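So the chains spell out like this:
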Amino acid sequence: MFPRPIQSMSPAAQRLYRVALPVMLVLWLLPLLGVAMTSIRPSSDLAQGNYFGMPSRLAFENYVTVFRNSPLAQYLWNSFRITIPVVIGAVALSCLTGFALAVYKFRLSLVVFFMFVAGNFVPFQILMVPVRDLTVNLGLYNTITGLALFHIAFQTGFCTLFMRNFIKALPRELIEAARVEGVTEWQIFWHIVLPLVRPAIAALSVLVFTFVWNDYFWAMVLTQGAATQPVTAGLNSLNGQWIAAWHLVSAGSILAALPPVLMFFLMQRHFIAGLTLGAVK
Amino acid sequence: MTPLPDPEAQIAPRKRSRRRSLTPWLFLAPGMAMFAVYVLIPIVQSVWVSFHDWDGLGQMRWIGTANYSELWWDDAFYTSLRNNVIWLALYMLAVPLGLMIALFLNQTVRGIRIYKSLFFFPFVISQVVVGLIFSWFYAPGFGLLYALIEWVTGSGVALLADERYVTYGIIAAGLWPQIAYCMILYLTGLNAVAPDQIEAARLDGAKGWRMLWHVVLPQLRPATFIAVVVTVIGALRSFDLVSIMTAGGPFGSSRVLSYYMYEQALSEYGYRMGYGAAIAVVLFGIMMIFISGFIWKMWRDEKGQ
Numbered sequence: 359m360f361p362r363p364i365q366s367m368s369p370a371a372q373r374l375y376r377v378a379l380p381v382m383l384v385l386w387l388l389p390l391l392g393v394a395m396t397s398i399r400p401s402s403d404l405a406q407g408n409y410f411g412m413p414s415r416l417a418f419e420n421y422v423t424v425f426r427n428s429p430l431a432q433y434l435w436n437s438f439r440i441t442i443p444v445v446i447g448a449v450a451l452s453c454l455t456g457f458a459l460a461v462y463k464f465r466l467s468l469v470v471f472f473m474f475v476a477g478n479f480v481p482f483q484i485l486m487v488p489v490r491d492l493t494v495n496l497g498l499y500n501t502i503t504g505l506a507l508f509h510i511a512f513q514t515g516f517c518t519l520f521m522r523n524f525i526k527a528l529p530r531e532l533i534e535a536a537r538v539e540g541v542t543e544w545q546i547f548w549h550i551v552l553p554l555v556r557p558a559i560a561a562l563s564v565l566v567f568t569f570v571w572n573d574y575f576w577a578m579v580l581t582q583g584a585a586t587q588p589v590t591a592g593l594n595s596l597n598g599q600w601i602a603a604w605h606l607v608s609a610g611s612i613l614a615a616l617p618p619v620l621m622f623f624l625m626q627r628h629f630i631a632g633l634t635l636g637a638v639k
Numbered sequence: 002m003t004p005l006p007d008p009e010a011q012i013a014p015r016k017r018s019r020r021r022s023l024t025p026w027l028f029l030a031p032g033m034a035m036f037a038v039y040v041l042i043p044i045v046q047s048v049w050v051s052f053h054d055w056d057g058l059g060q061m062r063w064i065g066t067a068n069y070s071e072l073w074w075d076d077a078f079y080t081s082l083r084n085n086v087i088w089l090a091l092y093m094l095a096v097p098l099g100l101m102i103a104l105f106l107n108q109t110v111r112g113i114r115i116y117k118s119l120f121f122f123p124f125v126i127s128q129v130v131v132g133l134i135f136s137w138f139y140a141p142g143f144g145l146l147y148a149l150i151e152w153v154t155g156s157g158v159a160l161l162a163d164e165r166y167v168t169y170g171i172i173a174a175g176l177w178p179q180i181a182y183c184m185i186l187y188l189t190g191l192n193a194v195a196p197d198q199i200e201a202a203r204l205d206g207a208k209g210w211r212m213l214w215h216v217v218l219p220q221l222r223p224a225t226f227i228a229v230v231v232t233v234i235g236a237l238r239s240f241d242l243v244s245i246m247t248a249g250g251p252f253g254s255s256r257v258l259s260y261y262m263y264e265q266a267l268s269e270y271g272y273r274m275g276y277g278a279a280i281a282v283v284l285f286g287i288m289m290i291f292i293s294g295f296i297w298k299m300w301r302d303e304k305g306q
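Those protein sequence lines, which keep their order, are chains A and B.
For what it's worth, the working numbering labels the leading residue of the first sequence as 359, then goes sequentially.
For what it's worth, the working numbering labels the leading residue of the second sequence as 2, then goes sequentially.
Calculated directly from the structure, the hints in this document are not laboratory data.
Values in this document were obtained by computation on a predicted structure and should not be read as measured data.
Among the hints, erroneous ones may be present.
What the hints assert, rightly or not - To give a feel for the contact side, a few chain B residues facing chain A, derived at Cβ under 8 Å:
(1) PHE122
(2) VAL130
(3) ALA148
(4) LEU237
(5) TRP300
(6) GLU303
As the list claims (entries may be wrong) - Per the computed footprint, the stretches of chain B lying under chain A, defined by three or more beta-carbons under 8 Å from a beta-carbon of chain A, are:
(7) 70-78
(8) 82-96
(9) 132-141
(10) 151-164
(11) 279-288
To be verified - Each computed EDC-like pair below joins lysine to aspartate or glutamate, with the alpha-carbon atoms no more than 20 Å apart:
(12) LYS463/A <-> ASP302/B
(13) LYS463/A <-> GLU531/A
(14) LYS463/A <-> GLU419/A
(15) LYS526/A <-> GLU303/B
(16) LYS208/B <-> ASP197/B
(17) LYS463/A <-> GLU303/B
(18) LYS526/A <-> ASP302/B
Virtual Cβ for every residue (Gly too), placed ideally from N, Cα, C.
Kindly produce the complete structure, drawing on both the sequences and the hints.
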């Protein structure tokens with residue numbers, strides 16, 4: 359193990375480490391803690407210049423105000439309506455593509471695979487004008503469907519990379535044995551491979567959820583207004599309206615951050631497996 | 002992996018192989034179709050649009066390379082380009098800093114898993130929220146950092162309103178989640194470092210920096226590769242933070258190419274799709290240098306297997 363286990367060091371070093379851990383953590387999360395504090399600070403505190411001391415009381419009414427005086431609930435709801443279909447769509451498509459690229463040996467296999475990988479890295483701006491034009495022409499501009507369709511297509515690139523590598527690592531004998539039995543290719547996919555890739559499906563689901571929930575650029579390009587925009591774009595416009603109402607901005611930010619954070623804590627192991635692209639074990 | 006003999010292929014070779022050669026394409030069809038329509042074809046279309054004058058609605062007018070020659074004389078373009086270079090250079094700090102935090106946290110004491118997750122926290126939250134958090138952190142008067150600077154030096158600095166510091170302020174905000182990402186990559190990598198090699202090196206008297214450099218880092222190479230890839234891509238993709246924290250200001254000094262493109266193509270400055278597309282093509286060209294490098298390496302690894 360590197361660095362040397364702290365248990366093998368002097369008691370003083372061990373004590374120092376115990377103290378250093380929480381101190382470093384607080385420093386690391388300082389901006390976040392500050393915002394969390396601000397979100398439960400009554401506006402009277404801010405007016406009196408009490409920015410950093412203890413809040414004079416816990417003002418959870420900031421959260422109520424945010425819901426009552428702004429369309430934040432609608433924005434959050436839109437985010438769910440966009441994100442969940444994208445997770446299902448992108449994961450389903452990539453199960454198929456990943457299976458094809460991992461199981462079959464054909465000449466263009468690697469070319470197709472690296473097309474997905476490379477497409478996944480391009481800057482969004484090179485896609486912006488044509489994708490917006492296409493969405494307008496399909497009559498899907500400013501709709502949840504229009505935004506979701508793009509996300510499904512784009513996320514398929516990343517998901518294919520992950521899924522293909524995952525399936526490639528499965529024991530090949532399983533598939534070969536099934537072929538000997540005369541099982542059809544589709545049945546191999548459905549009954550043999552799909553049950554085995556469940557961990558990959560879980561990892562991709564949490565990752566795609568987080569990526570799409572946190573998307574801001576495409577929300578700005580393909581939607582406008584509270585009826586369709588997700589919470590990221592919504593926060594941006596609320597930030598414009600709530601100039602200097604930092605207790606409200608903070609409360610809104612915390613609410614927008616909550617779903618992916620919960621997702622992360624619930625499915626931590628899967629989340630991390632996905633982020634390392636399966637390349638680091 | 003050695004290819005296993007396929008028993009069925011011997012039974013009905015021709016029928017079998019024809020069916021087998023079509024099957025992968027059937028599985029690929031839905032995903033490839035979506036990816037082609039929304040990702041691959043738009044890249045070509047963008048290049049095509051960049052040779053036109055277009056407001057996004059009316060007729061496209063062919064103007065050859067006029068958009069590119071306009072870029073050549075456009076000061077705002079060079080400001081954005083310079084900021085992109087600064088982003089790229091400073092963003093790379095996330096890799097060693099992430100490694101440092103990972104080494105700090107790679108212990109087995111009680112509650113360490115919670116610490117690891119909490120350190121990773123910034124990566125999970127949206128860049129929009131990160132941008133708002135740091136705007137508050139930097140805000141003149143009531144921001145925490147502003148107050149700290151004021152307390153130490155006697156006068157506060159309005160980071161985001163100062164042309165000299167604004168880009169660095171935004172990059173610092175971007176580094177926060179990026180360091181967390183690199184940290185998690187290295188923590189996962191450190192788990193896989195072979196303990197016997199470490200012990201052997203320790204018996205040979207290696208420790209500290211030399212151990213890290215000669216024994217540990219070579220084993221962390223896959224983690225480093227991915228950390229560099231995601232950091233380069235992240236730096237060049239930076240858009241959300243610039244848009245949220247400054248909208249490119251003050252006086253356009255914190256623009257990056259991705260934001261400048263958006264501004265030209267889709268904002269109150271007018272719908273100059275052709276000019277925007279030309280900026281996007283330049284950004285794409287820069288990123289392709291890196292992307293092809295990554296792909297080349299991955300391709301080689303794949304062939305070597």
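Hints versus structure:
1. Look at PHE122/B: its Cβ gets to within about 7 Å of chain A, closer than 8 Å, so that hint holds up.
2. A cut of 8 Å between beta carbons decides the hint on VAL130/B: the least distance to chain A is about 5 Å, and the hint holds.
3. Annotation: interface hint on ALA148/B holds; nearest CB of chain A at approximately 7 Å, less than 8 Å.
4. Residue-level restraint check for LEU237/B holds (minimum Cβ-Cβ distance to chain A is 6 Å; threshold 8 Å).
5. A hinted interface residue such as TRP300/B counts as satisfied when its beta carbon comes closer than 8 Å to some beta carbon of chain A; here the least separation is about 6 Å, so the hint holds.
6. A least Cβ separation of about 6 Å between GLU303/B and chain A falls short of the 8 Å threshold, and the interface hint therefore holds.
7. Figure legend: the segment 70-78 of chain B, annotated as covered by chain A; annotation inconsistent (0 residues with Cβ-Cβ distances under 8 Å, at least 3 required).
8. Against chain A, the segment 82-96 of chain B contributes 0 residues with a C-beta closer than 8 Å to a partner C-beta. That does not satisfy the three-residue criterion, and the hint is violated.
9. A stretch counts as covered by a chain when three or more of its residues have a beta carbon under 8 Å from one of that chain; for the segment 132-141 of chain B and chain A the count is 6, and the coverage holds.
10. Only residues whose C-beta sits within less than 8 Å of a C-beta in chain A count toward coverage, and the segment 151-164 of chain B has 0 of them, not enough to reach three; the restraint is violated.
11. Counting residues of the segment 279-288 of chain B whose C-beta sits closer than 8 Å to any C-beta of chain A gives 6, which meets the bar of three, so the coverage hint holds.
12. Of the supplied pair hints, the one linking LYS463/A and ASP302/B holds, its CA atoms being roughly 17 Å apart against a limit of 20 Å.
13. Of the pairs offered as hints, the one joining LYS463/A and GLU531/A holds, with about 15 Å between alpha carbons and a cut-off of 20 Å not exceeded.
14. Note on LYS463/A and GLU419/A: the hinted pairing is violated, with a Cα-Cα distance of about 61 Å set against a maximum of 20 Å.
15. For the hint pairing LYS526/A with GLU303/B, the CA-to-CA distance comes to about 12 Å; that is within 20 Å, so the pair holds.
16. Annotation: proposed proximity of LYS208/B to ASP197/B holds, straight-line Cα distance about 14 Å (limit 20 Å).
17. For the hint linking LYS463/A to GLU303/B, the alpha-carbon distance of about 13 Å falls within 20 Å, and the restraint holds.
18. Using a Cα cut-off of 20 Å, the hinted pair LYS526/A and ASP302/B holds, with the two alpha carbons roughly 14 Å apart.
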